[in-house]
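Chemist: Sequence:
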Amino acid sequence: MILEIIIGILCIIGFFYVKLRRQWTFWKDHNVPFTPPEFPFGSSVMLTWNSFRQKTNFNEMARNQAIDLGFPNMDTIATCAFGVNAKSFQDDDSTFAMNAKAIFRNSKLEMLKILLALIPGGKTVLYMFDTPISKKGVTMFFYDIIKGTIEHRVRTKTRRNDLVDLMIDAMKAEIPIEQDKEEDGRFDKDAKLNHKVVHKQVDEITMVATALVILVAGYDTTAQTMAVTSYFLAKNEDIQEKLYQEIMECVGEMESGSGHPDYNQIQSLPYLDMVLHETLRFNPVLGVITRACTKDYIIPGTDILLKKGSEVHINAMAIHANPDIYPDPEKYDPERFTKEAKSNRHPYAFLGFGQGPRNCIGMRFALLEAKLGLFAVLRKYKFVVTPKTVDKFTLDPSSALSSPKEPLLVKVVER
1 MILEIIIGIL CIIGFFYVKL RRQWTFWKDH NVPFTPPEFP FGSSVMLTWN
51 SFRQKTNFNE MARNQAIDLG FPNMDTIATC AFGVNAKSFQ DDDSTFAMNA
101 KAIFRNSKLE MLKILLALIP GGKTVLYMFD TPISKKGVTM FFYDIIKGTI
151 EHRVRTKTRR NDLVDLMIDA MKAEIPIEQD KEEDGRFDKD AKLNHKVVHK
201 QVDEITMVAT ALVILVAGYD TTAQTMAVTS YFLAKNEDIQ EKLYQEIMEC
251 VGEMESGSGH PDYNQIQSLP YLDMVLHETL RFNPVLGVIT RACTKDYIIP
301 GTDILLKKGS EVHINAMAIH ANPDIYPDPE KYDPERFTKE AKSNRHPYAF
351 LGFGQGPRNC IGMRFALLEA KLGLFAVLRK YKFVVTPKTV DKFTLDPSSA
401 LSSPKEPLLV KVVER
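Residue numbers for the sequence shown follow UniProt numbering, so the first one is 1 and each next one is one higher.
There may be inaccurate statements among the hints.
Distance condition first, Cα-Cα at most 27 Å in a straight line; then the derived DSSO-like pairs of lysine-lysine [said to hold, decoys possible]:
(1) K157 x K172
(2) K157 x K147
(3) K388 x K405
(4) K147 x K172
(5) K382 x K242
(6) K242 x K388
(7) K235 x K411
(8) K331 x K392
(9) K392 x K405
If you are wondering where the hints come from, they were derived from the structure by calculation, not from laboratory data.
Remember, predicted model here, so these are calculated numbers, not experimental data.
Whenever a hint applies, use it, and build me the whole structure from the sequences.
Modeler: The structure is reproduced here in structure tokens:
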């Protein structure tokens, strides 16, 4: 059971992926305002970031204090994906936080097992020797949380319109089949899967795997994106000022006492969206994207045959740094992502979230989390370079992500 959960995270295939994609389309289509009590996401992000500011005292960053930007993400994911309060700020020894961090801490033996699972035939070897690649105690911790939350929601008929409720709906086969919409962009349309409808309920194992996908995909990745964004904003004062002005215009339009923007307001900040996309162009979280052929395929215009089951590796980093696609690629320039600029490029020239039916299932969750986090910080603080801020950063070859090797030191000052 444990091995199947983790393998599902590493390579979501078949009906399992179709069912998950349908759930996320259901979430998007409802377009629920991210304000309490309808939906906890927006308020959760803003509350956790406010607590984060008070707990860490951002001004201490000038004294080389290491601040983990993953903490706010962890609390948000705990609330929205697991339906619990991780209490990362109130309790330094939070059980949820310790178990979540354990997912990302792997010994050399554990890394070897993960690599073996990705090699053709490797999973069979692991099954033969009954060697799971997961940490059983950690996985069972999250399994018990999900199971307990489901039982409580069903027993008390409590509904918070979060991921747990959507998965409960899926268990009851109440997720409607997705329909194409006129406003769907290329990313959404290409994400649609052509499949026969299979009426099969989602079980608890699938729900745990879904929640773990969100945790693994949204914790360290979003923290890295925000850290790199803060670095580039510090180095480009004009870009940071333009973004600040856009944020403050939104603050002026917010309802008195709300404390945070609603869904429509955060989505109506084009420059914030452009800044994050330029960060992901410059530093995509996954520099290489891997896909598997589901049937024999001949590359058009060639005699090259990709056999069923073959792995294809796409170098997203190289595409993003191609001067024919992005002139002066070493320059940080959010203007590359205006509507006009994007319309002049091939839609697959940007692979920050992948493309096609197996793109990042948590794209909207991650983007909204990053947007709300930056919104919360930049309205009160600004990023400034220090003598220790590196002029350029290189990538850490030992990291599974495109993580900077050098510390991205910036000073955070109150406005």
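Chemist: Hints first: check each against the structure and report whether it holds.
Modeler: Cross-check of the supplied hints:
1. K157 x K172: Measuring from Cα to Cα gives roughly 14 Å; hence the hint holds.
2. K157 x K147: Roughly 15 Å separates the two Cα atoms, so the pair holds.
3. K388 x K405: Given pair K388, K405 holds - Cα atoms ~14 Å apart, limit 27 Å.
4. K147 x K172: 15 Å, holds
5. K382 x K242: This hinted pair holds, its Cα atoms lying about 12 Å apart.
6. K242 x K388: 25 Å, holds
7. K235 x K411: 11 Å, holds
8. K331 x K392: 11 Å, holds
9. K392 x K405: 11 Å, holds
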